[in-house]
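Chains A and F, in that order, are what the protein sequence lines are. Letter 83 of the first sequence, counting from 1, is numbered 1027 in the working numbering, and no numbers are missing. Letter 131 of the second sequence, counting from 1, is numbered 142 in the working numbering, and no numbers are missing.
If you're looking for bench data, these hints aren't it; they were derived computationally from the structure. Since the model is a prediction, treat every value here as computed from it, not as a measurement. Any given hint could turn out to be false.
Claimed, not checked - In silico BS3-like pairs for lysine-lysine, Cα to Cα no more than 30 Å straight-line:
| # | chain 1 | residue 1 | chain 2 | residue 2 |
| --- | --- | --- | --- | --- |
| 1 | F | Lys234 | A | Lys1088 |
| 2 | F | Lys234 | A | Lys1054 |
| 3 | F | Lys215 | A | Lys1111 |
| 4 | A | Lys1111 | A | Lys1158 |
| 5 | A | Lys1088 | F | Lys152 |
| 6 | A | Lys962 | A | Lys1158 |
| 7 | A | Lys1111 | A | Lys1054 |
| 8 | A | Lys1088 | A | Lys1054 |
| 9 | A | Lys1054 | F | Lys215 |
| 10 | F | Lys234 | F | Lys215 |
What the hints assert, rightly or not - Partial list, derived from the structure: chain A residues whose beta carbon lies under 7 Å from chain F:
| # | residue |
| --- | --- |
| 11 | Val1012 |
| 12 | Leu1015 |
| 13 | Ala1017 |
| 14 | Ala1055 |
| 15 | Phe1170 |
We put the CB at the ideal spot given by N, CA and C, even for glycine.
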Amino acid sequence: MTTLFEVSRLSKEFGGLKVSRDISLSMAEGERLALIGPNGAGKTTFVNLVTGRLRPDAGQVRLAGEDVTALGAVQRVRRGLVRTFQVTRLFPDMTPEEHVIMTVLQRHGKATRILARFHGDSAASDEAAEILATLGLTEVARRKVATIAYGQQRLLEIAIALAQRPKVLLLDEPAAGVPSADTPRIEEALARLPASLAVLMIEHDMDLVFRFAKRVVVLAAGELIFEGPPADVARDPLVREAYLGSYAHAGSQA
Amino acid sequence: MANATLQSAAAPRLRPLGRDLIGLALIALAGLSGYWLFPDNLAFLTRVISVALLVLSLDLVVGYCGIASLGQAALYGAGAYAAGIACINGITDPILLILIGAVAGAVTGLFTGAVMLRAHGLPQLVLSIALVQLLHEAANKASWLTGGSDGLSGMAPAPLFGVFEFDLWGRSAYLFGLCLLLVVFAVLSLIVRSPFGMVCRGLKEDPLRISALGIYAFPVLLKMFVISGAVAGTGGALAAIATQVVGLDSVSFELSANALVMLVLGGIGHLYGALIGTVIFMALEHTVAAINPFHWMTLVGAVLIAIVLFAPRGLSGTLDQIAALLTRRGGRAGR
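Use the sequences and the hints to build the structure in full.
Laid out in structure tokens, this is it:
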């Protein structure tokens, strides 16, 4: 297995407050890694540093062997580092189909063509229909996003990410805000992600983390304090201390 | 299920095209009825068309990209002056003059876009005002080229296709303008539904989402500024050909602001909203100003307040809502 994604000694400070300190982690092809941590641990900052929305003060981000630290967010996406959003960022007036077609067109380098019909690219439309079908969104494919259920919007976020054919996928709380009745569908979709894809999931829901990830890293106060299999995470004294009992129930489940 | 997917992929795709053709037919019908009903007002109607092109161009930037601008007349005036200056210097073919106006507008759009896209929100709006004021002042100072505050006059465009003269009655100018409007409207209808147009709509809603798809915003928006400039420049050139005068008012803040008012009146983000807004605003201006030249703006203000309060999406948005209510029975597929 080759290392696909590597973060080394990543640091970021906001006005003297160290929100990321020497974070290092790496992911191999096909790996399923979860990043957890209490509120304010610096998870969002970490995502922003990795995706290129923030510049680190020190450290490196490497993607498929290439140093992408100096590249902007768009360039990183184009190289296969794709993210979903904790709060869905979708276009309420467009349909799921249109979202996915736009994404596929972008991958084909045709997203900003003026002399073409948006719905005229049958290869893109077919691919979009296929992706939407695998996520069970065919029925709502033609409805405006504003009118579909939140769980379906979360699935659409995943559909868009898949349409980008990423190498590394960052899932930012994929089940956040979804009614518990709909979480199994999200989990099912996550279980069917392409095997070769390296997935880093940032999640609060410990049950989901335990079922999804083979390896867990814990971030607290900007530092990685634990790395290992999910079964060990709740037993780790440092982790317990970091959560200060707010996640004590997770211990009983482990 | 695969079957259902296929079917749903093929079915409602023809509808937008059909709707476009109906829209074009309606514009042509309205235009021609104007020709028959108000034969003595063709000069005014031609001005309505040229301003409609300006408002359409503004809709591309404001309605489709979400960039507020109070300086759109810079692009319109650039087209008007370019066509006027070319005409005085011996290029008299009207179609060529329109092309010159469109190119001048596009180039101005490229520059104003490059400047305006450096900022966001209110600073961007202020930049747009600054740009149109700068251009206004430049046109005023360069009187050797533009005629300054006296305006540019003395142009004599050749007959269209060598046959239809731009006479006092303004018939040729009006029908020429109507044809231009139809062509521009058809082209823009295609552009706003192209992949490019969809990305612009996306940028208006959420630029971060678009960049997460791996798309750079700047070149897309700059392209729209160029297209918008070409449309505004076409309107300016039409005004220059029809009136055979180009004045400083064509690069004014006032015209820019009025264009925005017309757009809000008609409804932003709909091409036909731009047309409806222009026609209603200018018809009001024309009739009310004749009755009371000092207080006509009061009435326009009152109408605008009423629209913002009771139909916040503009007249076209309200028409859309009514149409949606009427067609709800027809199933929820398509838009």
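Legend entry - Given hint A/Lys1088 paired with F/Lys234 - CA-CA distance at most 30 Å: holds (27 Å)
Legend entry - Given hint A/Lys1158 paired with A/Lys962 - CA-CA distance at most 30 Å: With Cα atoms ~29 Å apart, A/Lys962 and A/Lys1158 stay inside 30 Å; holds.
Legend entry - Holds or violated: F/Lys215 to A/Lys1111, with C-alpha atoms at most 30 Å apart: holds (29 Å)
Legend entry - Closest C-beta approach of A/Leu1015 to chain F relative to 7 Å, hint status: Since the shortest Cβ distance to chain F is 12 Å, the answer is violated.
Inset, instruction - Take the C-alpha atoms of A/Lys1111 and A/Lys1158, compute the straight-line distance between them, and say whether it is at most 30 Å. - result: Roughly 18 Å separates the two Cα atoms, so the pair holds.
Legend entry - Interface hint compliance - A/Ala1055 to chain F, C-beta minimum distance less than 7 Å: holds (5 Å)
Inset, instruction - Using 7 Å as the Cβ threshold, decide whether A/Val1012 counts as touching chain F. - result: violated (13 Å)
Legend entry - Interface hint outcome for A/Phe1170 [beta carbon to chain F under 7 Å]: violated (29 Å)
Legend entry - chain F contact restraint for A/Ala1017 - C-beta distance below 7 Å: Check passed: Cβ of A/Ala1017 comes within 6 Å of chain F, closer than 7 Å.
Legend entry - Distance restraint between F/Lys234 and F/Lys215, which requires alpha-carbon spacing of 30 Å or less: Distance ~15 Å between F/Lys234 and F/Lys215 Cα, so the pair holds.
Inset, instruction - Measure nothing beyond the straight line between the CA atoms of A/Lys1054 and F/Lys215; if it is 30 Å or shorter, mark the hint as holding. - result: With a Cα-Cα distance of about 19 Å, the restraint between A/Lys1054 and F/Lys215 holds, given a limit of 30 Å.
Legend entry - 30 Å Cα cutoff - pair A/Lys1111, A/Lys1054: It holds: about 21 Å lies between the C-alpha atoms, which stays within 30 Å.
The structure fails to meet hints 5, 11, 12 and 15 from the earlier list, while all remaining hints are met.
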